[in-house]
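These protein sequences, in sequence, are chains A and B. In this text, residue positions in the first sequence follow the working numbering: the first is 1, and each later residue adds one. In this text, residue positions in the second sequence follow the working numbering: the first is 1, and each later residue adds one.
It is worth saying that the hints were derived from the structure and are not from the lab. Where is the CB? At the ideal position from N, CA and C, for every residue including glycine. No false leads were slipped in.
Pairwise CB distance ranges, derived in the manner of DEER restraints:
1. 168(B) / 177(A): 38 to 48 Å
2. 235(A) / 10(B): 57 to 67 Å
3. 98(B) / 66(A): 33 to 43 Å
4. 127(A) / 19(B): 41 to 51 Å
5. 100(B) / 109(A): 37 to 47 Å
6. 165(A) / 154(B): 10 to 20 Å
7. 109(A) / 19(B): 46 to 56 Å
8. 154(B) / 70(A): 22 to 32 Å
9. 68(A) / 98(B): 31 to 41 Å
10. 12(B) / 131(A): 21 to 31 Å
11. 55(B) / 110(A): 50 to 60 Å
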Amino acid sequence: MSGDLALSARGVQMEYRDRGTGKRLLAIEKVDLDIADGAFVSLLGPSGCGKSTFLKIVNGLILATAGEIKLRRVAKGREDAMVFQDASLFPWYSVLDNVAYGLVCAGVPRKEARVRAAPYIELVGLQGFADKYPYQLSGGMQQRANLARALAVDSAILLMDEPFAALDAQTREVMQAELLRIWNAARKTVLFVTHQIDEAVYLSDRVVVMAARPGRVVADITIDLPRPRKLEVKRTPEFAAYEEQIWRLIQRDRVPSAVEQAP
Amino acid sequence: MIARRLGKVNERVFYGVLGFVGLALVWEITANLGLYRRSLLSHPTAIWRAAVTDFGNGSIFPHIALSLQEFAIGFFVSLIVAIPLGLAIGWFRRVDYATSALLAALNATPNVALIPLIVLIAGIGLESKVIVVFLSAFFAVMVTTSAGVQSIARRHLEITRSFGGSQWLAFRTVALPSTLPFILSGIRIGAGRALVGVVAAEFLSSNQGLGFYLGFFGQLLDTSRLMLGIVLFGIFGVVIGELLRVVERRFEVWRPDIHA
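From just these sequences and the hints, can you work out the full model?
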C-alpha cells in the first residue's frame, strides 16, 4: 500500500440482529475503499445503503463487525473530523465556543482552543458572528459553523454526512460552491456522503456509488471535470452525462417497491 | 430595545398590582355590604390594622425569622443533596436501577404522614422542621434533575464522542448545561413544596413560626391575623419566584424564548 493514502478500508462489514425477527441483517457487505491524500470522494446511494453507517465507522462512532480501516497518521490531533447532517451545535455555546469544541475534546485548553478556532470562523465566512448563539444563525450559517468546527481540529480527513440535506435548494448550491472554495484553501481529504447525484458530481474527484440490501459498492466513477468548478459547470453536457451514468446505475440496483411490482 | 423591555416589565407589574388592588376592593366592599360574616373572612382594612399592630410592636418578627430559617436551611440542604444525586441517577444507568424503586416508594408516601414520626425523633424544634422541609423539596428537585439528564439530545452527546472527548468532558460540557433548565424548574417546584412543608410542620407541632402564628390565631377566631399569616406566606412565595426568575435569566442567555 502506498504512503499517500488518506484512508484505506478493507472488507468493512456491518451486521445487525433485527430486534423483532432475530434475523441477522447485513447493513454493509465487504466494502473496500482507498482514498488518495487530498482527494474529494463522495459516497452516493439511496437511503439504507449504509453510506452514513460507513462514515460513522470511519469516525469511530460505530464499531464494524468485520474489516479494517486505516487512516493516515497525523503528527498530533485527530486523523478524522466529522461534519454532521444536522449542525448539532450546542445552543448554550457561542459560535466561537462551538467551533473550538473539537479542539477542547482533543484536550486543548479552552483559551487556546478559542484562539486556534478563530481563523476558521473567517474561513467559512462567519466573520462578525463569533459571539452569536446558534439560534441567531440561519440553517446555512449553522452548517458553516458545523464545518468550521471540523476544520479547526486540522485532521487529515474530513467526513461529511449529508451536511446540506436539510437546506433549501438555493442555499445548498451556495454551500456547495463555498465548500469547494474552502476545500481548495484548506487542502483536505474529504469523504462526503450524499444521496444527491448532482451534488456528488459537482463536488467530487470520485463518486463511489452504493446500493442497498445489503449495502455495497457497485461503481467507482472518476469525475474528470476541470477545477476550479463554478456552479455553471452543472449546465454543461459533460456534467449531464455523468449524472445520467450514475442515475442509470442507481435505477438498475433499485429494489422495486410493492406498488411498482403490481401489474 | 432596553426601553421596550422595561416597558414590558412595567406593564407586567402594573397589571399585577391592579389585579391585587381589584381583589382587595371587591373583598372590602362585599364585607362592608354584609354579604358574609366579617368575623369568618375578615377584610383588607382589618388585616392591615393587624399588620400595623404586630409589625409595630415587633411581635411577628420571631415567627417570620424562624420560618425563614427553617425554609432556608431545609431547602438549601435538599438542593445540595438532590441535584448531585439526580445528576448521578440520570447519568449512570446502574445508579438509576439501584435507586429508582426505593425512591419511587419513598416519594409515593405523602411526607406530611411522616411528620409525627419526625417530631417523635427530632423533637418540636428547628431540626424537625428542617427535616420536613428537606423531604418536601427533595424529590421534586431530584426527579426533575434526573429526568433532565435522561432527556439530553443524543446528537449532542455524539458530538463529544465523535471528536474523541471523554465521558467526563461530555458530562461537564453537554449534560450540565442541557440539564440546567430542568434543574431550575425543579428548584422552582421544590421551593413551593418546601414552603408547604414549613406550614405543615409548624401547624402540627410548634410554638413559633408563621405557620404556628396563623394556626394559633385561627383557633382564637382572630381571622385578621390568620389572614395576615396567609398573605405573608403568599408574599414569601412570590418573592422566591421572582428571585428564581432572575437566576434563570442570568443562566440562560442562549435560550431564545427567554429573550422574546
